[in-house]
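**Student:** From first to last, the protein sequence lines are chains S and Z. Each residue of the first sequence is one higher than the one before, counting from 495 in the working numbering. Each residue of the second sequence is one higher than the one before, counting from 692 in the working numbering.
Think of the hints as simulated: they come from the structure by calculation, not from any bench. Since the structure is predicted, the reported quantities are computational estimates derived from the model, not experimental observations. The C-beta atom is built at its ideal place from N, Cα and C for all residues, glycine as well. Heads up, a few of these hints could be off.
To be verified - Straight line, CA to CA, 30 Å or less: simulated DSBU-like cross-link-like pairs of lysine-lysine:
1) Z:Lys798 to Z:Lys818
2) S:Lys547 to S:Lys503
3) Z:Lys777 to S:Lys503
4) Z:Lys798 to Z:Lys870
5) Z:Lys818 to Z:Lys777
6) Z:Lys798 to S:Lys503
As the list claims (entries may be wrong) - Derived list of chain Z stretches under chain S, where covered just means 3 residues or more per stretch with a C-beta under 8 Å from a C-beta of chain S:
7) 766-774
8) 796-804
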Amino acid sequence: MVRAYVMVKAHSGDAERLRDEILDVDGVEDAYIVAGDVDFIATVSVDETADVKAVSATHIQSLDGIEDTQTYVAMD
Amino acid sequence: MRFVIVGAGRVGLRTARALEDSGHAVVLIERDPTKVDRAKAEGYDVIEGDASDETVLLSADLHDANALGALTGDLSTNFVACMVAKHHGCRTVLRIDEEYREEIYRKYASDVDEVIYPERLGAIVAKNALLGGNIRAVADIAQNLQLVELTVTNDSPMRGYTLSELELPANTELLAFGKKGDALTIPDDDVSMEVGDSLAILADFEKLADVRQLVVGEAVAARGGA
Numbered sequence: 495m496v497r498a499y500v501m502v503k504a505h506s507g508d509a510e511r512l513r514d515e516i517l518d519v520d521g522v523e524d525a526y527i528v529a530g531d532v533d534f535i536a537t538v539s540v541d542e543t544a545d546v547k548a549v550s551a552t553h554i555q556s557l558d559g560i561e562d563t564q565t566y567v568a569m570d
Numbered sequence: 692m693r694f695v696i697v698g699a700g701r702v703g704l705r706t707a708r709a710l711e712d713s714g715h716a717v718v719l720i721e722r723d724p725t726k727v728d729r730a731k732a733e734g735y736d737v738i739e740g741d742a743s744d745e746t747v748l749l750s751a752d753l754h755d756a757n758a759l760g761a762l763t764g765d766l767s768t769n770f771v772a773c774m775v776a777k778h779h780g781c782r783t784v785l786r787i788d789e790e791y792r793e794e795i796y797r798k799y800a801s802d803v804d805e806v807i808y809p810e811r812l813g814a815i816v817a818k819n820a821l822l823g824g825n826i827r828a829v830a831d832i833a834q835n836l837q838l839v840e841l842t843v844t845n846d847s848p849m850r851g852y853t854l855s856e857l858e859l860p861a862n863t864e865l866l867a868f869g870k871k872g873d874a875l876t877i878p879d880d881d882v883s884m885e886v887g888d889s890l891a892i893l894a895d896f897e898k899l900a901d902v903r904q905l906v907v908g909e910a911v912a913a914r915g916g917a
């Protein structure tokens, strides 16, 4: 099991919809609207490290209104 | 009143100046030594330090301040400063860095009383300058409500009529009137509208074109928003 934290920067004010769509992505455990340089932080839990990339780069980034993601894989 | 302004950059320093000009006491918090020196040279009371550090904020006597304006370019610093200030009973004003965030912070940032996006006001000023002439957008009051200042021209259908004869469309309201060259005051029904007089009107975006046609006399459709 691999856990990762994905920082998500949006370019839309439609925070609730985006949070719900992030939550709907397979592998996403939780997603919070946060204050600061990024707009959401999602926690991801998947089987393998390679799956993390699919969740953040492929699925979350392709949502309408998402500008960028930064992913941090937990090591311990 | 007494205010704490976080950030002595373009926005913070101007805000401090405007508050002091109105007779209020202001203390600035700034972490960049160059900006600290500049603000001090201009006579401001400045605390050097990072406003996302609570001890720095507390040294500005927050409990004694009416409000805190978090006006740096750093959203995280601004947000933390507002949270701490709210805890100490201040009214809080947060500057955001991107327009789409306005809605998010209005809705979710419970420690923030007001959200401002200075570029929006800059855009209104630029738009007025570009349009020139007889209609000036003063502010967007709500999503569909704009405060405009209009000037009566030779082409105005209402020229020569009194304010009591002015029949504005629904969802619009005359707030103030000023004779040419004078300051705006509360409208007096018996005063007549002559070329160069100003009317401050609150109007729904959809009615702006009608209002403009009536007061200014231009057939050009007015476009709402900045």
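**Student:** Hints first: check each against the structure and report whether it holds.
**Tutor:** Evaluation of the provided hints:
{"no.": "1", "hint": "Z:Lys798 to Z:Lys818", "result": "holds (28 Å)"}
{"no.": "2", "hint": "S:Lys547 to S:Lys503", "result": "holds (16 Å)"}
{"no.": "3", "hint": "Z:Lys777 to S:Lys503", "result": "holds (26 Å)"}
{"no.": "4", "hint": "Z:Lys798 to Z:Lys870", "result": "violated (41 Å)"}
{"no.": "5", "hint": "Z:Lys818 to Z:Lys777", "result": "violated (35 Å)"}
{"no.": "6", "hint": "Z:Lys798 to S:Lys503", "result": "holds (17 Å)"}
{"no.": "7", "hint": "766-774", "result": "holds (count 3)"}
{"no.": "8", "hint": "796-804", "result": "holds (count 4)"}
In summary, the structure is inconsistent with hints 4 and 5 from the numbered list given earlier, while agreeing with the others.
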